[in-house]
Amino acid sequence: MSEDWPLYEVFIRSRSGLEHKHVGSLHAADARMAIEHARDVYTRRQEGVSLWVVRSADIIASDPEEADALFEPARDKVYRHPTFYAIPEEVKNL
Amino acid sequence: MYTQALDTHGKEPVPAAGGESAALAQRFQARVDAEDKIEPKDWMPDAYRQTLIRQISQHAHSEIVGMLPEGNWITRAPSLRRKAVLIAKVQDEGGHGMYLYSAAETLGISRAQMFEQLLSGTAKYSSIFNYPTLTWADVGAIGWLVDGAAIMNQIPICRCSYGPYARAMVRICKEESFHQRQGFEIMLTLAQGSGAQRAMAQDALNRWWWPSIMMFGPSDADSRHTAQSMRWKIKRFSNDELRQKFIDITVPQAQFLGLSIPDRELRFDPGTQHYLIGPIDWNEFHAVLKGNGPCNRERLEARRTADEAGRWVREAAAAHAVKQHRRTPQAAGGMEPEAS
Numbered sequence: 001m002s003e004d005w006p007l008y009e010v011f012i013r014s015r016s017g018l019e020h021k022h023v024g025s026l027h028a029a030d031a032r033m034a035i036e037h038a039r040d041v042y043t044r045r046q047e048g049v050s051l052w053v054v055r056s057a058d059i060i061a062s063d064p065e066e067a068d069a070l071f072e073p074a075r076d077k078v079y080r081h082p083t084f085y086a087i088p089e090e091v092k093n094l
Numbered sequence: 001m002y003t004q005a006l007d008t009h010g011k012e013p014v015p016a017a018g019g020e021s022a023a024l025a026q027r028f029q030a031r032v033d034a035e036d037k038i039e040p041k042d043w044m045p046d047a048y049r050q051t052l053i054r055q056i057s058q059h060a061h062s063e064i065v066g067m068l069p070e071g072n073w074i075t076r077a078p079s080l081r082r083k084a085v086l087i088a089k090v091q092d093e094g095g096h097g098m099y100l101y102s103a104a105e106t107l108g109i110s111r112a113q114m115f116e117q118l119l120s121g122t123a124k125y126s127s128i129f130n131y132p133t134l135t136w137a138d139v140g141a142i143g144w145l146v147d148g149a150a151i152m153n154q155i156p157i158c159r160c161s162y163g164p165y166a167r168a169m170v171r172i173c174k175e176e177s178f179h180q181r182q183g184f185e186i187m188l189t190l191a192q193g194s195g196a197q198r199a200m201a202q203d204a205l206n207r208w209w210w211p212s213i214m215m216f217g218p219s220d221a222d223s224r225h226t227a228q229s230m231r232w233k234i235k236r237f238s239n240d241e242l243r244q245k246f247i248d249i250t251v252p253q254a255q256f257l258g259l260s261i262p263d264r265e266l267r268f269d270p271g272t273q274h275y276l277i278g279p280i281d282w283n284e285f286h287a288v289l290k291g292n293g294p295c296n297r298e299r300l301e302a303r304r305t306a307d308e309a310g311r312w313v314r315e316a317a318a319a320h321a322v323k324q325h326r327r328t329p330q331a332a333g334g335m336e337p338e339a340s
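Keeping their order, the protein sequence lines are chains Z and E. Our numbering applies: residue 1 is where the first sequence begins, and numbers increase by one. Our numbering applies: residue 1 is where the second sequence begins, and numbers increase by one.
Note that these hints are calculated values from the structure, not bench results. Quick caveat, the model's predicted, so the values are computed rather than measured. A virtual CB, placed ideally from N, CA and C, is assigned to each residue, including glycine. Treat the hints loosely; a few may be bogus.
[Claimed, not checked] Within a straight-line C-alpha distance of at most 30 angstroms, the following computed DSS-like cross-link-like pairs (lysine-lysine) qualify:
hint, chain 1, residue 1, chain 2, residue 2
1, Z, LYS77, Z, LYS92
2, Z, LYS21, E, LYS83
3, Z, LYS21, E, LYS290
4, E, LYS37, E, LYS245
5, Z, LYS77, E, LYS245
6, E, LYS245, E, LYS233
7, E, LYS323, E, LYS233
8, E, LYS233, Z, LYS21
9, E, LYS174, Z, LYS21
10, Z, LYS77, E, LYS41
[What the hints assert, rightly or not] Here are some of the chain E residues that sit facing chain Z, going by a computed Cβ distance under 8 angstroms:
hint, residue
11, ASP92
12, ALA112
13, PHE237
[Stated by the list, open to error] Output of the computed footprint for chain Z on chain E, the stretches with three or more beta carbons under 8 angstroms from beta carbons of chain Z:
hint, segment
14, 33–42
15, 117–126
16, 251–262
Next comes chain Z alone, as it looks inside the complex (with noise of 0.2 angstroms):
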C-alpha cells in the first residue's frame, strides 16, 4: 500500500472583505499542486477569490477535554455584553 501524501486543510475567502474559511482538506505532493486541487475540489461554482492551504500537521488545536477549563471562565461574564447594563428608554444614541 502506498503511502499518502501530505494532508492540507483549505480555506477560501469567499469574496474580497470577507475572512477566508475553511472549507475542508485535500491530499498534495506540494504547496502548489495543494493550492491547485483547491481549485479544483472547492472552487468549481466561483466559491471565492483566494484560498490558503495549510499543511494539517502544522495546524496546533485545542483540546476538547480541555473545553471547560478554556471557555467557562468567559460563560460568567455577561457584563462583557451591551445588553447586560439597563439604559433609561429616553436616553438616546447610546
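Place chain E on chain Z using the hints.
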C-alpha cells in the same frame, strides 16, 4: 451523488464495556440526543466510529465508481452543450468522492487504506453502478432517477450527528440538484422527440427504475442496523420511508414525460395518498451487491487500471516535491526529503 443504504454489511455494533466507557457512552448519547454535533477529536464509541468509516468510505467509493457509467458517454454526447454539462457533472462526482474521503479520514482511516479496500474488492459501493449505460438516454435516466434517489437519501444526512460528514453532505446536496435537473431535461427532450427517441427514453426508464428503487437498500424488516444508526442520528429515516417518498415524487414526473413506469402493479392508494409498487426483486439486489451484476468486474478493473496507469504521475509528483523542498523548503512545503 450517490449513497445507498449499505448498512447491512459489516459487523454488528458492539455494546460499550462497563466502567468509565459506559459513562462516556452515556454522555456521548446525551450529546447526540441534544442534537449536538460530534467532532473528530471528541470521544465516541468505537462502533459509532466503525459504522461511520464504513458508511462514509462506501459513499466515497460510490462517487468515484459512479464516474464510470456516465464517463462512458462523454465522447459521444449529442451536442457540445450536453458534453460540457456531462463533464461538469462527472467532475462533481469526483469532487464529492474527495469531500467524503476527507470526512472519513478524520475518523482515523487513511486515504491509502480506503483505496486499497476499493481496489481489492473488499469495500462495497452502490450497486447501481454495476449496471451498464447502453444509450444516451441512460445518462438522462441516471441524472433523473439515480441522482434523484441519491438526493432523497442524502438530504437527511446533512443533519447527521457527525460534523465532518454532515458538512460534506451539505456541500454535496447543493451541487446535486443540477445533476438531477439536467437528467430530467435530457429525458424531456427525448420524450418530446421522434418515436425512436421516445422509445429510447422508455427503454432507459425500464432498465433504471428498479435498480433506482433498490438504491434505498433492503426493506426495513431486513435492515439490521437501522435502529442503531437512528439512535446515533446517522440516519433519520428508514429505507422504506425514503423509498416511498422517492416513488411518490417520481411517478408524477414520469407521467409528465408521458413514459410508463415498468411496474404493472403500480397504483395510487387514495387512503394513504401514496403510490404503491409491486414486489422488489431482492435476489437481483443481493446478486449485484455480491459482485454478480452486469458490470461489477468491469468497474473494478477500470479503477485498478486507473490506479496503475497513474502511478508514474504520482511518483513523479512526489519526486518533484522532494526536489523542490531541498531547494526552497519554505516555498515548496509538502513532501520532505526522507533524511531530513
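For each hint, the structure was consulted:
| no. | hint | verdict |
| --- | --- | --- |
| 1 | Z/LYS77 <-> Z/LYS92 | 26 angstroms, holds |
| 2 | Z/LYS21 <-> E/LYS83 | 33 angstroms, violated |
| 3 | Z/LYS21 <-> E/LYS290 | 42 angstroms, violated |
| 4 | E/LYS37 <-> E/LYS245 | 27 angstroms, holds |
| 5 | Z/LYS77 <-> E/LYS245 | 49 angstroms, violated |
| 6 | E/LYS245 <-> E/LYS233 | 20 angstroms, holds |
| 7 | E/LYS323 <-> E/LYS233 | 47 angstroms, violated |
| 8 | E/LYS233 <-> Z/LYS21 | 27 angstroms, holds |
| 9 | E/LYS174 <-> Z/LYS21 | 18 angstroms, holds |
| 10 | Z/LYS77 <-> E/LYS41 | 28 angstroms, holds |
| 11 | ASP92 | 7 angstroms, holds |
| 12 | ALA112 | 5 angstroms, holds |
| 13 | PHE237 | 26 angstroms, violated |
| 14 | 33–42 | holds (count 3) |
| 15 | 117–126 | violated (count 0) |
| 16 | 251–262 | violated (count 0) |
Going through the hint list in order, the structure does not satisfy hints 2, 3, 5, 7, 13, 15 and 16.
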